[in-house]
Amino acid sequence: MSWGAIRRAYQVARTFRQYRLIDLLPQSRRPLPLRLVDASLFWVGRKSPDAHPSVRARLALQELGPVFIKFGQMLSTRRDLLPDLFADALAQLQDQVPPFDGELAKAEIESALGHGIDTLFDDFDIVPLASASVAQVHTATLRSTGDEVILKVVRPDIEAVILADLTLMEAGARLVSNTRKGKPLRAVEVVEDYRKTILAELDLVQEASNARRLRDNFAGSPALYIPRVYPELCRRRLLVMERIYGIPVTDLEALKAQGTNMKLLAERGVEVFFTQVFRDNFFHADMHPGNIFVSREHPDDPMYIGIDCGIVGSLTENDKRYLADVFLAFFNQDYSRLSQVYIDSGWISADTNPVEFEKALRKVLEPLENKPLSQISFGHLLVELFRCAREFEMEVQPQLVLLEKTLLYIEGLGRQLYPQLDLWQTAKPFLEQWMAEQLGPSAQMKRVKEALPFWLEKLPEMPDLIHDNLQLSKALLRHPQGVMERYINQRRRIHNSHYFLIIGSVLLISGTLLIGKSSTIWPSTTLALTGLACWAKGWRLNNQ
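Numbering (UniProt numbering), first residue to last: 1 to 544.
Quick caveat, the hints were computed from the structure, so don't treat them as lab data. All of these numbers come straight from a predicted model, not from anything done at the bench. Cβ coordinates follow ideal geometry from the N, Cα and C atoms, glycine included. Relax, there's no trap hidden among the hints.
The calculated BS3-like cross-link candidates involving lysine-lysine, where the alpha carbons are at most 30 Å apart (straight line), are:
#  : residue 1 : residue 2
1  : Lys196    : Lys106
2  : Lys428    : Lys320
3  : Lys196    : Lys320
4  : Lys428    : Lys263
5  : Lys359    : Lys320
6  : Lys256    : Lys428
7  : Lys428    : Lys363
8  : Lys263    : Lys320
9  : Lys428    : Lys359
10 : Lys320    : Lys363
Computed Cβ-Cβ distance ranges for the label pairs, DEER-style:
#  : residue 1 : residue 2 : range
11 : Ala130    : Pro429    : 37 to 45 Å
12 : Arg337    : Lys196    : 27 to 35 Å
13 : Leu199    : Val127    : 24 to 32 Å
Turn these sequences into a full structure, and let the hints steer you where they fit.
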């Protein structure tokens, strides 16, 4: 381990000691190495000793810098793992990072492009427009077209910092998970999820590709606009994109001042989300308010502008259908169906007792039955369902975690824009229509058309397969034990024949090739003859 890594490890351990983060674990779940490290720093003073543990956790991550801040932000979305109080505290983490030197940014851009900035851009602003933990943004004008653009450039050396901090996080996670009582915390799994997320943000070519796909999906839409990307100018550490002048979605005063239809704006946010998930199967999974603007044009018919497409998600067709089933079963208060959906989907084990799981679901959901749907949080309902399933050893589904996080963002944003928003009223018709399209006659006919070439290819084999299966069934009815033994022996013989054929072929070819190159003929000849014998053995077994 390098001196820099040792120094960083000490800084992390000291900060954890200062904010008493070991207290977040119950006494019985504190691994011995963790206790020893904490005790060895006995001279380190305390900070904010009277603050609630959730506040101390936020302050500690904030002090440790950008990588830990983003980790806390990610943790705040894992409400299936954290109590709400901690999730709310971590959600307040602000990713406010001082910009790095503009001349250094210019040098990074020129290195990425292999050209001087002046050959491609005019009016490059050395002062950054915005700065974050991973990258910062500068403005310019394309010399060839006059288009106003932004240049997003990754911070120099940030990848080394991220990898070093990830190594420390992973070591700490393994330390916790190697104890019997620490396993339910799933620390290794959480850190691995974070690793994928933050490293994906470093690849701006992938972000450009994501943005282009989202832009194509919503081409001509009145609901969402994704700025144009200039792929020929994008590099792994550089993104060039159209500059936009929208109103930040959190600036309610500016939105109201221009006469924005807030009800329609809130409803369109919900529609955009469900369209991305169910129609396109490709959704922007980082839709926090800092990445969303509202067009200044047509405030009576408002349009969102989405940026920062580094994190995206998608679901399998089965996941989409089961997710729609979950929501519709809740709409209809059909807890038996809800229980069965979780089992059928594979999200929880097929060995789960559906009656017991249904009881657990009722315990969580029945208190909501008397509430108006407009007062029930769609996102928090999903969180509670996942928490309930956790008790039945539900495996983490990364794609569902991303979906849950995005839904919480969208719902919170929608109700901030228009507090009377009834997300259920907006979502239910969409889900019912989608389910009808998936299960209706036209959808079934589409599936038949897609499978037809495969069926036609296999059609000539069908009579022989049917005949063979009928003969096997008759034989099994008459002499079940003898038929099964013969079947097993036949499979074993075929396996052995393939083994001898492969080994024999390799030896035969190798020996033949060596005959002309070896100084003595006997070793190569012996090799070839051995291969021939093996091959003959395999051929006999295959034809018995």
